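J.: With the hints as extra help, turn the sequences into a complete structure.
Chains as they are written, first to last, in our numbering: chain A, 1 to 314; chain B, 1 to 434; chain C, 1 to 237; chain D, 1 to 289.
Honestly, I wouldn't trust all of these hints.
Simulated coverage check for chain A against chain D, where a stretch passes if three residues somewhere in it have a Cβ under 8 Å from a Cβ of chain D [unchecked claim]: (1) 101 to 109; (2) 113 to 125; (3) 248 to 259; (4) 276 to 284.
Note that these hints are calculated values from the structure, not bench results. Only a predicted model underlies this, so the values are computations on that prediction, with no experimental measurement involved. In this text, a Cβ means the ideal position worked out from N, Cα and C, and glycines have one as well.
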Amino acid sequence: MKRSRAPLYLVILLSVGVALPIFFKQPYFYFASYIVLEYIALSVAWNLLGGYGGYLNFGTSAFFGVGAYASAYIFNSLRLPVILAIPAGGAMAALLGVLIGYSTLRLRGVYFAIATLAATTLVQSIVLNTPALGSAVGLYIRLPPPPPPYGNLIELLFATLFGVTVVSIALSYWVENSWIGRGLMALRDDEEAAETMGVPTFRLKMFANVLSGFLMGLVGAFYPLYIAYMEPYSTFDLGISFNVFVMTLIGGTGTWQGPVIGGLILGTIQQAASVTITSQYNLAVVAAAMLLFAVLAPGGLKGIFSKFITSRAE
Amino acid sequence: MYFSRGRAVSTAILAVAVIVILVAAGGGYYYYSTVYAPATTTPIKIGVVIQESGFLALAGVPGLTAIKIWANDTNAAGGLLGHKIQIIAYDDASDTSKVPALIQKLISVDNVDFLVTLGTVDTAAAMPVASQSGKIILGLFGTNANAGINYSKFFQAAPIGPDPNYDQVKGYFEFANSLSPKPQTVAFVAVQNDFGQQCAIGGAKAVKVFGFRIVANETYPPTQTDFSSLMTKVKSTNPDIAFVCSYPPDSIGIVQAAKEVNFVPKLMGGGMIGPQFTALEAALGKTLQGVVTFAYWVPEPTINFPGVNTLIQKYEAVANASGAAAFDPLGYLYPPYSYAALQMLGQAVTACNCLGNNDQLATYIHGHTFSTVGGDMNFTSFGEWTYSRVLWIQYQNIAGASVNAFAGPGHQVIVWPATYKSGNLAYPFPGWQG
Amino acid sequence: MLEVQGVSKSFGGVKALSNIELRLEKDERLGLIGPNGSGKTTLLSIIAGTIGSDRGRVSFKGRDITSVSPHKRAKMGIGRTFQIPRPLTSMSVVDNVIIPLMFIRGLHRKELETKSVAMNILSQVGLSTKAEAKPKELTQLQLRKMELARALAGEPELLLLDEVLAGLTSGEADEVLDLLRVLNNDGIGIIMVEHIMRAVMTFSQRIVVLDFGVKIAEGSPSEVSTNPEVLKAYIGE
Amino acid sequence: MAFDLVLESIATGLLVGGFYAALSLGLTISLGLTDIANVAHPAFIFLGAYLALALSQAFHLDPIVSGMVLVLPFYFLGNALYLFYNRAFERRGESSLAGLVLFFGLLILLEVGMASEFGVGLKAIYSPYGSVALNIGPLSLPLRFVYSFVAGVAAVVLLQLFLTKTFQGRAIRAVAQDAQALSLMGAKPATVKLIATGVSMATAALAGGLILAVGPISPYQDRLLIGRVFAVVVLGGSGSVLGTLLGGILLGVSENITTIYLGAGWSLAVSAVILLAVLALRPSGILRR
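T.: Have a look at this one:
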């Protein structure tokens, strides 16, 4: 068996993304792509537990928001360097993953799903009642100047989030092709049977949940710098969780490519719709696209891509 | 062979992903280069990012309607300095995370001349991008949105005042202070959103200034449906003044619950958004009688600025013409000052005759007073009104539960400030009617 | 090697097992029989660890494993099959066998070697032609063979077989029994839950009979088959 | 705290709980019994509310009565929805996950549709009991919640009778638990789910009427309901109709008790904690089936 070339491609992709803002200057492209990248990374993270392990997380915005608030608090209020704040955001979200995981990952999947929904309400409620986090008034973020060679904060944000996205994809690729991914897929199919085959189901679920939470928090940790003003309703918006879930499903769960495809396609459609259809119907178009994908490609677009490629190869 | 096919697919898909990204980038660049053209030959473009859908559409849609009425009025009169007005509006779906990208699209792709947003949250998210572009931004009702960034080309046209959260509510306490016998104690009830909390912060300042005593300080989440317990709890503290900072659905819930548990303070009301919506007024009918709330404009004879009645008529015509989609047919809250903001901008552009030079235009705006459908306005360096003209109104003479019971003068009586006073406050609050 | 002491279990007030005692020596063949609903599968699940007991203890190779999780028991050498086959439906047959190889025997570094080990096990149970098939393409017999292959992949010292012969022709059953005898000769202890009396009586060295969660008889096949309690349980009153 | 205050908050919490139960019943059936996670259910409730508003305005009906009038049309709407769902997913053997995407899409389409059809602003209807209380001793109970409690409890009782006493009802319960029993009854799963989805949707019409009776409505408010409705269903033990009532009451009372002891600002946090605790300690719900 040949050695996989995917790592090479990922490295190439990474360098392209990081270098792009130095040569190509169009701020709108970076602002719009930032959100698409955000959704790709979140979907990839979601897929780790939801796709491979079959445990649906409806609290993506909780992990995202905890990462965002932790990082904002650290660099905005405590005035510590941003470079510390970003991983701290991921770590706090990972901690949330540990807490939710310990209480509900021993149960059937649907309870985990509801627990993540409840966790979203809980962390949002805590922020709303904590003046140090801005409560409902919100936090005004002091934006740092970008270091060279980036001329603009958004270019730096794009490049770093691009890096995080590629690293998430790489991690997801690694999980999928390692014994961890095998174990997760085994427990997704049949948890009891997997246990009797030696699969440490709880440990694997916890691992996937914490890693997934960490990545979501990491993505969230950049958000204060993008939005400049944080308030709990948009940060913990249920819409983020819905979007991530839908994107992963449309792309195809349980493969590392699925969330990338879903996030890229649906994320781009959303961005495009909001500037081409300048009325409330932009949401309807996105929803119609969702319906269409769900009905025409219930197994995800990745399946269609594979079929197409297989038939061309023959 | 359990990984091989996956790899072929992944390779292909990565390639597709890269191509999509590059094509999108190239397309964006191409579009950028074709649309760009010297500003003098093109219409004046006003870029708007507003809530046409989502929870805040009830503010965004009336606001955008007023902006479009202004554009039509201006174009009918020949435009500004010979340029027609073109409105480019994007819906942010009440999703703040969409705002920076949309603002940037307006700036660097659509190449608009001016930016408009509505509401504090979305305006605050637009500010860094807007300030980097150096363009003038009108943040309709975006009070305090400049707090994080202090941008000199930000203008907020609602008549709130230089210290927004204090000025928004100080009138309520100022006139409470003038009543006799003077009420002593206050109960705060504030919704957990940016408006409610800013309102409560301003209220707390005012309480210190005018020497009241806070006996209850309650907050509640926007999802609250039943306010009976909350109102019973507030009632048990027996305050002279109820100071409620609330949003549309909950304003109604609070008024209903206060009546149900028979909570009768001497002064009932506060910074309540919601009663101003006609459909809600109609549903509550006489229950609103005696309640005091703020307004920026009401159809009272004492505050009849030139043009405002015409604007309201046009607005009602649009609202009614949209048939089933009718939004707030009387629309006194958002339209007048959305229109006024653009009217101010139009006057500045004409008088300054410095289109294209935003620094000069901003300096001009800071240095002058403008006469609009919202009255005379001038701005602090922070972009807020230099003085406060928040009106406090009391619902009086409500005949029943219908839209007509609230239309026209005499139902929303201005009781403060004295300059615009159109009637006397019924004090103490006579108790719940209907 | 295996010792079950005073194990009881009830589901929502219904007693499934009461005070069960069971011993198994290394390389012993034990038959576990009883009418439907007598608690045989529950007992297997308690030994495998997928169901916890309310009272009592289970020890294996001299160690108390009552609170040890099922995957650790699998690593210690307890393998099992399910009464209704439970394949991992998204994976091919060979991948189903690779899972225990990876997780019990730690063969997750070299794909190709792991796969050839898995192929060997599949050919041992006569399933090598179906290695790349998905479980839903298999017949009942093939599914049972796959279950057996998965259990064998973990190199168990104790094999818990839940009706592994059900639905098989007598020829096929003999084939499986021969395989099990070979395994037994290699030192694997076997507990077999079975309805096919002929098979279980000839295969087992010792028989334990459960009825309504109570052990009503224990002994050699001939002793048990003449025990009046057993006859009453099977034939009824 | 004064005893009266605690009593009042428990009493109104109870009433609100009945209202929550009425909102959640549809999801109890679809999620708990037919395994169709209809996340668009709250949007259908608001569709019911808007249609009830139109009916009430046209014929001067009470909003709750309008909601009841809509029960039958909504039953057929549910049938249609299931037929589509069945064709698009179940019959093709696709997972219920793809179905979830369908419901998310439907949720957004419904919201946009309602906004363009009925306007983005708040709508409300005048009702003579809108802000009137029923005074019993020291208690003043809001009539709008008394009526919605009565309607909610009535719906729970009727549904419980339907599920336990009728052939179709028993078949619906069997569809969730025991496919074998279902085939012994001679019922086809698809037919049973057709009825169940109709019943689920019919409750949305009633819930819409109640929401309209309780307060103003706007097209995007359904999102605010989602968390609470799921919480009630899980607290009650998904699939249990009586449990849904208890779950609603537990949520309503705990929110109100939190309001008087900690402040209403914490009420959502406390109910989330209760939900998480129930999930961790008693995952089959407060009322075990």
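J.: Against which earlier hints does the structure fall short, listed by number upward?
T.: Structure breaks no hint.
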